[in-house]
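Peer 1: As a plain string of letters, each chain reads:
2 protein chains.
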Amino acid sequence: MKARVTITLKNGVLDPQGKAIHHALEGLGFSGVEDVRAGKVIELDLAEGASEDDVDAMCRKLLANTVIENYAIEMVD
Amino acid sequence: MKARVTITLKNGVLDPQGKAIHHALEGLGFSGVEDVRAGKVIELDLAEGASEDDVDAMCRKLLANTVIENYAIEMVD
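Here the protein sequences line up with chains A and B, keeping their order.
Just so we're aligned, residue 1 is where the first sequence starts under my numbering, counting upward by one.
Just so we're aligned, residue 1 is where the second sequence starts under my numbering, counting upward by one.
Since the hints were derived computationally from the structure, they do not count as laboratory data.
Backbone N, C-alpha and C fix where the C-beta goes; we use that ideal spot for every residue, glycine too.
Be a bit skeptical, because a hint or two may be false.
[Unchecked claim] Heads up, simulated DSSO-like pairs for lysine-lysine below, C-alpha to C-alpha not over 30 Å straight-line: (1) A/K61 x B/K61; (2) B/K10 x A/K61; (3) B/K40 x A/K61; (4) B/K19 x A/K61; (5) B/K61 x B/K19; (6) A/K19 x B/K61; (7) A/K10 x B/K10; (8) B/K10 x A/K40; (9) A/K61 x A/K19; (10) B/K19 x A/K19; (11) A/K40 x A/K2; (12) B/K40 x B/K2; (13) B/K40 x A/K10; (14) B/K19 x A/K40; (15) A/K40 x B/K2; (16) A/K40 x B/K40; (17) A/K61 x A/K40; (18) B/K40 x B/K19; (19) B/K19 x A/K10; (20) B/K61 x A/K10; (21) A/K2 x B/K10; (22) A/K2 x B/K40; (23) B/K2 x A/K2; (24) B/K40 x A/K19; (25) B/K61 x B/K40; (26) B/K19 x A/K2; (27) B/K61 x A/K40; (28) B/K2 x A/K10; (29) B/K10 x A/K19; (30) A/K61 x A/K2.
[Said to hold, decoys possible] Label-pair distances were calculated between CB atoms; the ranges are: (31) A/G12 x B/E26: 13 to 21 Å; (32) A/D45 x B/A57: 26 to 34 Å; (33) A/R60 x B/D56: 33 to 41 Å; (34) A/V67 x B/E52: 16 to 24 Å; (35) B/G27 x A/L28: 14 to 22 Å; (36) A/G49 x B/K61: 37 to 45 Å; (37) B/D35 x A/A72: 29 to 37 Å.
[Said to hold, decoys possible] Which stretches of chain B does chain A cover? Using the computed rule of at least three CB atoms under 8 Å from a CB of chain A, they are: (38) 53-63; (39) 66-76.
From just these sequences and the hints, can you work out the full model?
Peer 2: Next comes the structure, spelled out in structure tokens:
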């Protein structure tokens, strides 16, 4: 069983990585970009019997900094 | 218009970040994890008229290292 966790910064939190990507894209001539937000995706191969609650606990304890980040869990069979 | 680009390492490419996360999860007592792969997600706010081809060019020129990474583009209206 697989789980995919997508972690993104909460709105209003400054995203220097996104700003740097935005600036670089403009430098390469891509003018149609208004904003860029960068985040993480973590793919977990889980043993049988692992549940979404387990993944949620992993997110709260390690994978995401819940003060400044949102996380979304997608269970993939 | 928004685009979401998910960038993951190709199979067979060593993922030290994933290994470190896996090791940390086990240290926290999460035993049901068999493998962990870490990647990036980049959300782009695009001006009207920007197309998926533009985003593909951004991926090939900057966002993804196509030698070791795969990228997937999702256009979100």
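Peer 1: Decide, hint by hint, whether the structure agrees.
Peer 2: Here's how the hints hold up against the structure:
Pair hint A/K61 plus B/K61 does not hold up; C-alpha atoms about 36 Å apart against a cutoff of 30 Å. Between B/K10 and A/K61 the alpha-carbon distance is near 28 Å, which keeps this suggested pair within the 30 Å criterion. A distance of roughly 20 Å separates the Cα atoms of B/K40 and A/K61; the hinted pair therefore holds under the 30 Å criterion. Straight-line distance between C-alpha atoms of B/K19 and A/K61 comes to about 17 Å, which keeps the hinted pair within the 30 Å bound.
With a C-alpha separation of about 28 Å, the suggested pair B/K61 and B/K19 falls inside the 30 Å cut-off, and the hint holds. This hinted pair checks out: A/K19 and B/K61 have alpha carbons roughly 17 Å apart, not beyond 30 Å. Between A/K10 and B/K10, the direct Cα distance comes to roughly 28 Å. Compliance with the 30 Å bound is thereby established for this hinted pair. Between B/K10 and A/K40 the alpha-carbon distance is near 16 Å, which keeps this suggested pair within the 30 Å criterion.
For the hint pairing A/K61 with A/K19, the CA-to-CA distance comes to about 28 Å; that is within 30 Å, so the pair holds. Note on B/K19 and A/K19: the hinted pairing holds, with a Cα-Cα distance of about 28 Å set against a maximum of 30 Å. Between A/K40 and A/K2 the CA atoms are separated by roughly 16 Å; this keeps the pair inside 30 Å, and the hint holds. This hinted pair checks out: B/K40 and B/K2 have alpha carbons roughly 16 Å apart, not beyond 30 Å.
Of the pairs offered as hints, the one joining B/K40 and A/K10 holds, with about 16 Å between alpha carbons and a cut-off of 30 Å not exceeded. Annotation: proposed proximity of B/K19 to A/K40 holds, straight-line Cα distance about 15 Å (limit 30 Å). For the suggested pair A/K40 and B/K2, the alpha carbons sit about 17 Å apart, so the restraint of at most 30 Å is met. Under the criterion of a C-alpha separation no larger than 30 Å, the hint pairing A/K40 with B/K40 is consistent with the structure, at around 4 Å.
A distance of roughly 16 Å separates the Cα atoms of A/K61 and A/K40; the hinted pair therefore holds under the 30 Å criterion. The suggested pairing of B/K40 with B/K19 holds, with an alpha-carbon distance near 16 Å, which does not exceed 30 Å. A hinted pair counts as satisfied when its Cα atoms are at most 30 Å apart, and B/K19 with A/K10 qualifies at roughly 26 Å. For the hint linking B/K61 to A/K10, the alpha-carbon distance of about 28 Å falls within 30 Å, and the restraint holds.
For the proposed pair A/K2 and B/K10, the alpha carbon gap of about 17 Å is at most 30 Å, so the pair holds. Only pairs whose Cα atoms come within 30 Å are accepted, and A/K2 paired with B/K40 is accepted, the gap being roughly 17 Å. A C-alpha spacing of about 27 Å is found between B/K2 and A/K2, which places the hinted pair at or below 30 Å, so the restraint holds. The suggested pairing of B/K40 with A/K19 holds, with an alpha-carbon distance near 15 Å, which does not exceed 30 Å.
Distance hint between B/K61 and B/K40 is fulfilled; the C-alpha atoms sit about 16 Å from each other, no more than 30 Å. Only pairs whose Cα atoms come within 30 Å are accepted, and B/K19 paired with A/K2 is accepted, the gap being roughly 16 Å. For a cut-off of 30 Å, the pair hint linking B/K61 to A/K40 stands: about 20 Å separates their Cα positions. Between B/K2 and A/K10 the CA atoms are separated by roughly 17 Å; this keeps the pair inside 30 Å, and the hint holds.
Simply put, B/K10 and A/K19 have alpha-carbon atoms about 26 Å apart, close enough for the 30 Å limit, and the pair holds. Annotation: proposed proximity of A/K61 to A/K2 holds, straight-line Cα distance about 19 Å (limit 30 Å). The hinted window of 13 to 21 Å between A/G12 and B/E26 is violated, with their beta carbons roughly 34 Å apart. A beta carbon spacing of about 33 Å between A/D45 and B/A57 agrees with the range 26 to 34 Å that was offered as a hint.
The supplied range of 33 to 41 Å is met by A/R60 and B/D56, whose beta-carbon atoms lie about 36 Å from each other. Against the hinted window of 16 to 24 Å, the Cβ-Cβ separation of A/V67 and B/E52 comes to about 35 Å, which falls outside the hint. At about 41 Å, the beta-carbon gap between B/G27 and A/L28 misses the expected band of 14 to 22 Å. In this structure the hint that A/G49 and B/K61 lie 37 to 45 Å apart at CB holds, the actual value being about 44 Å.
For the hinted restraint 29 to 37 Å between B/D35 and A/A72, the CB-CB distance of approximately 20 Å leaves it violated. With 6 residues having a Cβ less than 8 Å from any Cβ of chain A, the segment 53-63 of chain B passes the three-residue criterion, so the hint holds. Restraint check on the segment 66-76 of chain B versus chain A: 0 residues with Cβ-Cβ distances below 8 Å, three needed, restraint violated.
Hints 1, 31, 34, 35, 37 and 39 from the list above are not met by this structure, while the remaining hints are.
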